[in-house]
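A.B. asks: Each chain is listed here by its residues.
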Amino acid sequence: MKLSLRSSPHQHVRRDTGAVMRLVCYAALPGIAAQVVFFGWGVIVQLILAITTAILAEAAVLLLRKKSLERTLSDYSALLTALLLAISIPPLAPWWVIVIGSVFAIVVVKQLYGGLGYNMFNPAMAAYIMLLISFPVQMTQWLPPQSIAENSASIIDAASVVFTGFTLEGYSIAQLQVNADGVTMATPLDSVKTALLSGQTYSESLNSPMFNGAAGKGWLWVSIAYLVGGLALIKLRVISWHIPGSLLLAVAATSLMFYAVSPDNFASPYFHLVNGSAIIGAFFIATDPVSASTTPRGRMVFGALIGFWIVIIRLFGNYPDAVAFAVVIMNMAVPLIDYYTQPRTYGHSRRSR
Amino acid sequence: MNTLYEAVIERLDQNNLWQFPGGVHPPGQKERSNTQPIQRMSIPEVLYVPVKQHTGVEGDIIVTVGESVLKGQPLTRSSLPFAVPVHAPTSGKITEITPQPSAHPSGVPEMAITLVPDGNDTCAMLKPLSQYQQLPKSTVIEAICDAGISGLGGAGFPTHIKVSPTKPIDFLIINGIECEPYISSDDRLMREHAWQIRQGIDVLNYLIEPKCIIVAVEDNKPQAIEALTIACQDSEHYRVVSVPTVYPAGGEKQLVQVLTGREIPRKGLPADVGCVMFNVGTCYAIADAIFSGKPLTERVVTITGSAIEEPQNVWAMLGTPVLHLLTHAGYLPHKQQEQHVIMGGPMMGFTVTRLTVPVVKITNCLLVPAKNELPAPEDERACIRCGFCADVCPATLLPQQLYWYSKSKEYDNAEEYNLFDCIECGACAYVCPSEIPLVHYYRKAKADIRNLRDEKDKSDKAKARFEARKARLLAEKEAREEKHRLAAQARKQAMEKSDSGAKDKIAAALARAKAKKSQSTENSESPQSTAQEKKAQVQAAVARAKAKKAQTAQNETTSADKKAQVQAAVVRAKAKKAQTAQNETTSADKKPDADTASNNKTSGTQVQDQPEMSDAERQKREKIAQAIARAKARKLNQQNSSGDS
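If you read the protein sequences in the order shown, they are chains Z and V. If you're matching positions, the first sequence starts at 1107 in our numbering and goes up one per residue. If you're matching positions, the second sequence starts at 57 in our numbering and goes up one per residue.
Some hints here could point you the wrong way.
Taking lysine-lysine pairs in the PhoX-like style, the calculated list, with each CA pair at most 25 Å apart, reads [as the list claims (entries may be wrong)]:
hint, chain 1, residue 1, chain 2, residue 2
1, V, K676, V, K590
2, V, K465, Z, K1108
3, V, K391, Z, K1108
4, V, K573, V, K559
5, V, K572, V, K559
6, Z, K1173, V, K465
7, Z, K1108, V, K573
8, V, K561, V, K548
9, V, K463, Z, K1172
Residues on chain V that point at chain Z, a partial pick, calculated with CB under 10 Å [what the hints assert, rightly or not]:
hint, residue
10, V172
11, G175
12, K309
13, Q310
14, G401
15, T452
16, L453
17, L454
18, D477
19, C481
20, C488
21, V495
The set of hints was computed from the structure by calculation and includes no laboratory data. Even glycine gets a Cβ: it sits at the ideal position worked out from N, Cα and C.
Sequences are here, hints too, so could you generate the full structure?
C.D. replies: Spelled out as structure tokens, the structure:
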């Protein structure tokens, strides 16, 4: 009788790469729902565009590289990358922005480096930076929360803006950005930054109409929704607490340092935590396993330094938000961090490094 | 690093144990096989008893083919410290002593004694040591060795080595953890034979004299804990500790860490941190050996898996082919997609190469999974660096880096990341979402590195040999040259000495000659004698001229030798004649004097002050003259031949 030979262990946990990626996607659903509620259907249009483009791009490269389509696509990593990019860009950005971004993320940042597992940079964030630098206008046209609901609520309308630049009634995106009071709306980070630059104090800048009522709560709710999803990921042991924990702590600590010295000129830690993409960055972006540090201590260092860079770039950089920059900067430092944070092996008197 | 003894005891009292990093929680699956008592099987038709079933060296075979043996009779003898004997598990006839497929992942044939049982199971005389406490330790240790006991937990380390530690022992740890899923052989043994295990521990206690004895059992085996607690309740010295269930808590390093907070140093032994560990099965076997004199010839084996009709535990004779056990428990091959049998558990067990592979001392389980029970891993996907592997590694390694380096054969880096501290528990591969067979890569890398080391060792030795040879040759050459140099120096010195001596002699000779000359002129004789003298001189000159002529003539002839010889003879004759003539004169000194100028050596003897020459003297002179002539002839000859050539 011919016996088949196998190598131990014979038992495996039933959670493969595809399952891990899918879980991350599911965990992002509450946040996406919140985005739809406060920013309209545009984000769904962007998601569909991004996912379609990313999967097509991935399939094309796999064909060129003569790799198994089914096997690689079933790891859901392209889908996750597309998702992260789509929720990061303004919901009503023109269609070609997300298409270019998705192709860049998959083809250049991931596949050209050798595919999943070999990419040095977080594909979604590298693509986001490419878009932000190349198309700064389109990439910063955030509508104030709920303005779309006031103007038009349908998904067709959102698609119309994305594909043609105008709503069905013929409003341009620039017109949509202006609220009923005739004030141009931007993101809170942008708004406070502009206010601080124009000589207002931090508390004065918070009097802007964008922080009033439902509009003011929109960003907060989106952050909370992503926080819930992120905590679920930790609970499900898909991600470890090290990176999000150290990242958020570092954001709070760094911003507190400035806020404590000069509360008028710098935003509070709370403001930095709930606005912009600090939460989503902490739980969904910095935790991308491929481009993050892998040692337990290394993850702490990695997360903390991202948090530090987020605040520094927000305060002193030209761009309102900084998660993408901070993540990509620290992606570059990962090999170094990993090397110097090797744990002490059992029975060894001290760490190798 | 070493937790103090008192601190350990304090935490044991509070049942506040340490933890080892990482670990996984695979489904236990033990309830499949642990509900039934351990069964007895029929005697198999044939037994393949491998001569080496432990870590160490095999004993010497002391039986021959055709010999009938009794149950418990030794088949090999321990002649080396790390040799452990094996015994006949039942009575029967030895039919073959040849290599057989081994209970090893490779299945590489190893020497085994084939025993065909006679079915009577006749036992040999047993010699128990019931009063072991009155015997010297060495006698008890010898009895343990002679009973063929090596660790039954998995590593198979010879027990008689372990029971004589060279360092003081704080904790004697009895390992009843059995952390691998599916396996329940130790569980059943503890439930059914707690008292005998306790007796075995007593023997170990006598031999090792530890400060404290810890019997550790995972908390998923409450009945075993209860049984052992009852068995050990009469002594405060014995502590039965319930350890949280997490794989691989039963690993020696991990259990030491959990119970004592101490870490066995790298390349060290548990004794280095005051611990020594035995499996419960080993304790049982020790009690058998001491109290009944029974050698280790059988053990409990779990037969389980969904392709087994009645999962159970059995007493299996060592050497029983796997097939016999499977048949006993009801093997259902159709439930398997590909036929395979795992020896050991699902985490660290290996697939046997044939169903004739025998049960050995370390075989604790046969696992026969059905289709989809333990599915073969799909092709590995790319590593996504998720780090789950590092999170579960009980040795705090970075399995992922080890994987990259092992795969790319960067073995230096792999070693730098402590590849050899990997205990191959399989936790990393268990959690890997990309289904990478990590342990397989590590095993291969380790084997490769070991081979490279062996090769390097060999080449280093060869190099050393070569270097030694080179050095030796050089030394010899130098010695030779030195000898030559010294000899040359000595020669030179000698030559200088003789040179100066010769010069002195020449000077003396000259002085003497002058003195003589003056004397001879004073006593000048008749003119006749001078005329004679002149005549002789003329004759000699003629002879010389002729010789010269002969030389020239010789140069022209082709048969130079003969002519030269003739000429030489003529010259000799003439010279003789001249000499004779000369000898007739009283002052015959002038010519020899002239001759002496060309020959230092002869001058000393030829220069004579005595006016009268004896016959011997005359003969000598003749000879000398002849020699000179010969020399000249030879010289001519040589010139000729060199001219010819």
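A.B. asks: Between the alpha carbons of K1173/Z and K465/V, is the straight-line distance 25 Å or under?
C.D. replies: holds, 24 Å
A.B. asks: Tell me if the interface restraint on G175/V is satisfied: Cβ within less than 10 Å of some Cβ in chain Z.
C.D. replies: Status violated, d = 27 Å.
A.B. asks: T452/V was flagged as interface toward chain Z. Is the shortest Cβ-Cβ separation under 10 Å?
C.D. replies: Holds, about 5 Å.
A.B. asks: Is the interface hint for C488/V satisfied, with its Cβ closer than 10 Å to some Cβ of chain Z?
C.D. replies: With Cβ-Cβ at 8 Å, under 10 Å, it holds.
A.B. asks: When you check the alpha-carbon spacing of K573/V and K559/V, does it fall within 25 Å?
C.D. replies: Distance of about 21 Å is within 25 Å: holds.
A.B. asks: Just to be careful, I want the Cα atoms of K561/V and K548/V compared with a cutoff of 25 Å; is the pair within it?
C.D. replies: Distance ~19 Å between K561/V and K548/V Cα, so the pair holds.
A.B. asks: Taking 10 Å as the limit, does the beta-carbon of C481/V come near enough to a beta-carbon in chain Z?
C.D. replies: holds, 8 Å
A.B. asks: Does the CB of L454/V sit less than 10 Å away from some CB of chain Z?
C.D. replies: holds, 6 Å
A.B. asks: Given the proposed pairing of K465/V with K1108/Z, does the C-alpha separation stay at or below 25 Å?
C.D. replies: violated, 32 Å
A.B. asks: Closer than 10 Å between Cβ atoms is the bar; does Q310/V clear it against chain Z? Give me holds or violated.
C.D. replies: Holds, about 8 Å.
A.B. asks: Tell me if the straight-line CA distance from K572/V to K559/V falls inside 25 Å.
C.D. replies: holds, 19 Å
A.B. asks: Is the interface hint for V172/V satisfied, with its Cβ closer than 10 Å to some Cβ of chain Z?
C.D. replies: Violated - the Cβ of V172/V stays beyond 10 Å from chain Z, reaching only about 22 Å at its closest.
When each numbered hint is compared with the structure, violations occur for hints 2, 7, 10 and 11.
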